[in-house]
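**Q** Protein chains in written order, with the numbering used here: chain A, 1 to 337; chain B, 1001 to 1337; chain C, 2001 to 2337; chain D, 3001 to 3337.
Do not rely on the hints blindly, as some may be mistaken.
As the list claims (entries may be wrong) - Residues of chain C placed beyond 10 angstroms of chain A at every Cβ, according to the derived structure:
1) 2120
2) 2158
3) 2179
4) 2304
5) 2334
To be verified - Which bits of chain A does chain C cover? Going by a derived footprint, with three or more residues having C-beta under 8 angstroms, they are:
6) 2-14
7) 38-49
8) 65-77
9) 241-250
Treat the hints as calculated values from the structure; they're not laboratory data. Every value quoted in this text rests on a predicted model; they were computed, and no experiment measured them. Ideal placement from N, C-alpha and C gives every residue a C-beta, glycine not left out.
Protein chains: 4
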Amino acid sequence: MVVVLEKNVTQEQLENIIKHLEEYNFAVHKSTGEEQIVLGAIGVQLNFDTRKIKILEGVAEVYRITEPFKLASRSFKKENTEIKIKDVVIGGSEVVMMAGPCSVENEDQIFTIAEIVSKAGAKILRGGAFKPRTSPYSFQGLGEEGLKLMRKAADKYGLLIITEVMESSNIDLIEKYADIFQVGARNMQNFPLLRDLGKTTKPIMLKRGLAATVEDLLMSAEYILSSGNKEVMLCERGIRTFETYTRNTFDLSAIPVIHKRSHLPIIADPSHATGLRDKVLPMARAAVAAGADGLMVEVHHEPEKALSDGPQALLPEQFAELMIQVKTIAEVIGRKM
Amino acid sequence: MVVVLEKNVTQEQLENIIKHLEEYNFAVHKSTGEEQIVLGAIGVQLNFDTRKIKILEGVAEVYRITEPFKLASRSFKKENTEIKIKDVVIGGSEVVMMAGPCSVENEDQIFTIAEIVSKAGAKILRGGAFKPRTSPYSFQGLGEEGLKLMRKAADKYGLLIITEVMESSNIDLIEKYADIFQVGARNMQNFPLLRDLGKTTKPIMLKRGLAATVEDLLMSAEYILSSGNKEVMLCERGIRTFETYTRNTFDLSAIPVIHKRSHLPIIADPSHATGLRDKVLPMARAAVAAGADGLMVEVHHEPEKALSDGPQALLPEQFAELMIQVKTIAEVIGRKM
Amino acid sequence: MVVVLEKNVTQEQLENIIKHLEEYNFAVHKSTGEEQIVLGAIGVQLNFDTRKIKILEGVAEVYRITEPFKLASRSFKKENTEIKIKDVVIGGSEVVMMAGPCSVENEDQIFTIAEIVSKAGAKILRGGAFKPRTSPYSFQGLGEEGLKLMRKAADKYGLLIITEVMESSNIDLIEKYADIFQVGARNMQNFPLLRDLGKTTKPIMLKRGLAATVEDLLMSAEYILSSGNKEVMLCERGIRTFETYTRNTFDLSAIPVIHKRSHLPIIADPSHATGLRDKVLPMARAAVAAGADGLMVEVHHEPEKALSDGPQALLPEQFAELMIQVKTIAEVIGRKM
Amino acid sequence: MVVVLEKNVTQEQLENIIKHLEEYNFAVHKSTGEEQIVLGAIGVQLNFDTRKIKILEGVAEVYRITEPFKLASRSFKKENTEIKIKDVVIGGSEVVMMAGPCSVENEDQIFTIAEIVSKAGAKILRGGAFKPRTSPYSFQGLGEEGLKLMRKAADKYGLLIITEVMESSNIDLIEKYADIFQVGARNMQNFPLLRDLGKTTKPIMLKRGLAATVEDLLMSAEYILSSGNKEVMLCERGIRTFETYTRNTFDLSAIPVIHKRSHLPIIADPSHATGLRDKVLPMARAAVAAGADGLMVEVHHEPEKALSDGPQALLPEQFAELMIQVKTIAEVIGRKM
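Pulled out of the complex, with its shape left as it was, chain A reads as follows (with noise of 0.2 angstroms):
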């Protein structure tokens, strides 16, 4: 941590703060400049307030100059995590994809959509059967019914599921069917959650929550990995903003930042980012040509009759078209879909 001491501090201020820093176990290293005195206080201490300086009269300012997160950082483990689920590996070289409905309907439609997605290239379906909706009078999903269609699907088709855990009472019903749990960008925060997660042993997808910096993103994820579960992965699903003619702000920069700060893979989900489907091609091609190590994107065989989310959900043929051009592009930048 750096304290800056204002340009007029006094004597007594000055034993004041080194005398806090000191009970607070920090050593302090003085730097006078030619304006202003400058406090080194050494030693680490992740989840210090760094307010506690701040008040004290005679600061300035106060910098913290570790990251508040240490298990999810690039410095503390360099090379990718790859995670690995049968014949699956995200954060590798290819670019894994995942697509399904927003939500399991009936069995017919999520047979439908696992072959269409199988067919076109997908290796992960997904689909919600406990749903997070605005609305208590919006459809909720179909519970474990549609967790038991949605496995019966993905084994024909040869797929994975990945499919999202609302609270923790449910962990235990959902891992009996799922590979990943998926928490949702409203849940990002909901520590409980996440601490319950990091006692599970199959992977975890964490989406981005809608004011959440990533800085957030990576201390929540930090939450599961101290709990014990060191299969994280990182989602961005667009941030909130004032623009209005887009449903969310897709921040697709945050890939090539989570890059850096991060050895955990990122993917990119250009349906909830964007809310209408003639937005998500080329929203899911920028995806790639940043950098993402996956896409999570909705179709439907008969959107207009969705139970959820269908103006967002492309359309088989998209679908498609959508998987031979993020192909090209993967390509374009060395990896493989």
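Starting from the known structure of chain A, arrange chains B, C and D on it as the hints suggest.
**A** For chains B, C and D alone, kept in the frame of chain A given last:
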């Protein structure tokens, strides 16, 4: 719902749009303007996804014309909701003060602070026993032990208790000790938690999420209300913006906005909104001047030793000064304190 | 400037970083911590681009430790800047009211409104003669004719005048009629305009831009101050966020923040911040409670016929009520109105 | 315009609302729904302030149904605007590269960089002679001397020139040397400047402001178009959000959004959007994948010595690599480079 068609819409597209609207059970009124056709889709469907129409060929824009919330709306219930707990009324003519430490730390601390805030005129003791912390390495609260200490201190000084509930599995435990459940900003869209709290019989204070619009906040209140619990109060505690000199941006305009849109009381929390002690006093005054039904502020007699959020806690004498100032401001707008 | 090195920095990288710092004329202090080396770069360079160091191999983070503004800073000038114009003092113990129509429309209108606001206690008449309008098809103001009418009305009722200047070529013209130049939010970073206004001798009110941080605002004030004009007051009028129920988000916390960082007075404009008449009164009260040195509000006796921004103009009786309420609130915090 | 009335609107209020609409020259269609009356206000008034109706008693919501811009709209002009300058076409099938230093610094520098970017395939040389700098103490550009050097360098290497114009009084001077005027983000709503540029005959690139919605950007384009100059291209360069790991948030979704709403070409500037060299390459690829009609990037052969923005400038070899990568991506979506 109002559907604006593109200027060059074809007859075939028009018929297709009308057919869809009718299949979704809307009655359709067509109105032809100078340049464009506008369709009125008559029929209230609280959770209809307007994007289903927006993606049809020939549609330029779609506007939902009914609010997506009902029970929380001022048009559903004209008179203010007043929440009575023993001799305290929240949402009535009195501005109610909730004060206390961020976290319950030990018996001495909570008794000392309870006495301070009670003597200065607070009616409700705040304090965390289960703490949502951004870092897994930070103090997570005393748990049930904290609840017990808080109850004893509150009873001794004639105070009510408000404390945060972070997960459904703790509801029963917390209900034994607390008078008001608090839902934190990060859980504002934890829908299973909202649904489960809707089945309890104690009042709930729902804090606005960092990226939540006022409409989102009212939708989350709707979850609780529609599950059966009608005693909901809201809390403005700052939203996330680009400004960095304050921890969050305190959106005080939300207070008159909510009073117009909803019958639910609205509390303001200047401690979390600003994050620094010397900004709490002016912003607490501003919140009362803007019409808040209550304030929640953090107070600590030894903030430098606090286990969490000490830097934003008011000192006892600052709290006493605050009570005097806001009392006069309350009277300016015809309220008491 | 403080330069934090990566944990695994090499000796060669370290030497290269120090070499660069020295070439940029900094003296370097090295401090070795438990995990990381921290370099203090001593020497004040107000406009140094810290990214020049951030991109060097081996650098983890760089922190500027001096504020980028000087003349606008409280550490440069301790006492509040008081701007005296005839018998009005802005930034002193009195809270000053600026009121009037959005635009000057005709003789009758500006005389009527000048009388209303003067009688209720305003000291300064606001009104636009050159209007920055989002649409090229909207009313753009009366130009010099508007300035003349405004001057006559102000003189008759003993008021000062504040009006907007949009381009350098109009400075001389406006200076003939106005007492205070207003720089609008959209021109806050129109640097040539700021530079040219810095050469005038009349006070300037600089409005905060919609995406401007408090630091940006102070940097723009620095442009004017460094060009020679020391009579600058700032104005908070709302920033752009994701919330849509109000036109902008009124960042009232900026008021105590600016009072701490700078010696310049800060005015609040609740009319533009909220955009709707019924929100102006509560937010004007809140601004005074938060410590604003003055208010700017729009008033119109026939707002339905106003050529611009009628919907946010207060009616005469609302304005009179506002004056009474804010007077009492000002007294609570030891000020007059 | 669509006017939704409150559920309990009185007959008197209804009549008053209709009377106002008619006075504002709208024809009124009344449509009675299950719960609410909806009025269609027929008649196109591009600049009508909908708040005039919103504030009337009995009105719940008002929706403008026509876009506020006309000349910039895709519904006004179906086919893409192609801007031809000598042998370069912007907005056609080719993706155009604009590259060069942030500022022109001296003859040697601009000739060296012009040669580098020309050889790698750029068609347009960028470079600032008049610089908008946040700090009054920063390098403000070489002025006319910079323009002369740039023209000579461009002519030698067969390049066109784009350079920024910050004030109307410089338009004539810059027009003598440049092929394209650039309007910077901070001047996007400098309406007098836009109006004056609308009277010139050279193409204009209008950069999106930091807090500007896509609609705001198109409204500013409308200013230029309605003043007579039809050769306008837009530029996405990042918006301001809460994220701090990047300088701005690059809103790439704006590219397909603008292509749908408008016929004007859209360029992407990853250098300013991200602010750091190692993020420019992935985000440039992403922009082309999203459908940008061109790229503007900063290149410098000695970025450590650059007088401005060196840290975001690509090195020559990085620029060459970028050209190769984006060429392939352009071909994926049927374009050339």
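**Q** State for each hint whether it applies.
**A** Evaluation of the provided hints:
Non-interface call for residue 2120 of chain C relative to chain A: holds, since the shortest CB-CB distance, roughly 35 angstroms, exceeds 10 angstroms. Every CB of chain A is more than 10 angstroms from the CB of residue 2158 of chain C (nearest about 42 angstroms), matching its label as outside the interface. Listed as outside the interface, residue 2179 of chain C is consistent with that label: its C-beta sits roughly 35 angstroms from the nearest C-beta of chain A, beyond the 10 angstroms cut-off. With a minimum CB-CB distance of about 28 angstroms to chain A, residue 2304 of chain C clears the 10 angstroms threshold, and the non-interface call stands.
With a cut of 10 angstroms on Cβ distances, residue 2334 of chain C stays outside the contact zone with chain A, its closest approach being about 23 angstroms. Requiring three or more residues with a Cβ within less than 8 angstroms of a Cβ of chain C, the coverage given for the region 2-14 of chain A holds, as 5 such residues are present. Counting residues of the region 38-49 of chain A whose C-beta lies closer than 8 angstroms to any C-beta of chain C gives 5; at least three are required, and the coverage claim holds. Coverage of the region 65-77 of chain A by chain C holds [criterion: at least 3 residues with CB-CB distance below 8 angstroms; count 3].
Judged by the Cβ-Cβ criterion of 8 angstroms, the region 241-250 of chain A is covered by chain C as claimed, because 3 of its residues qualify and three suffice.
In summary, this structure violates none of the numbered hints.
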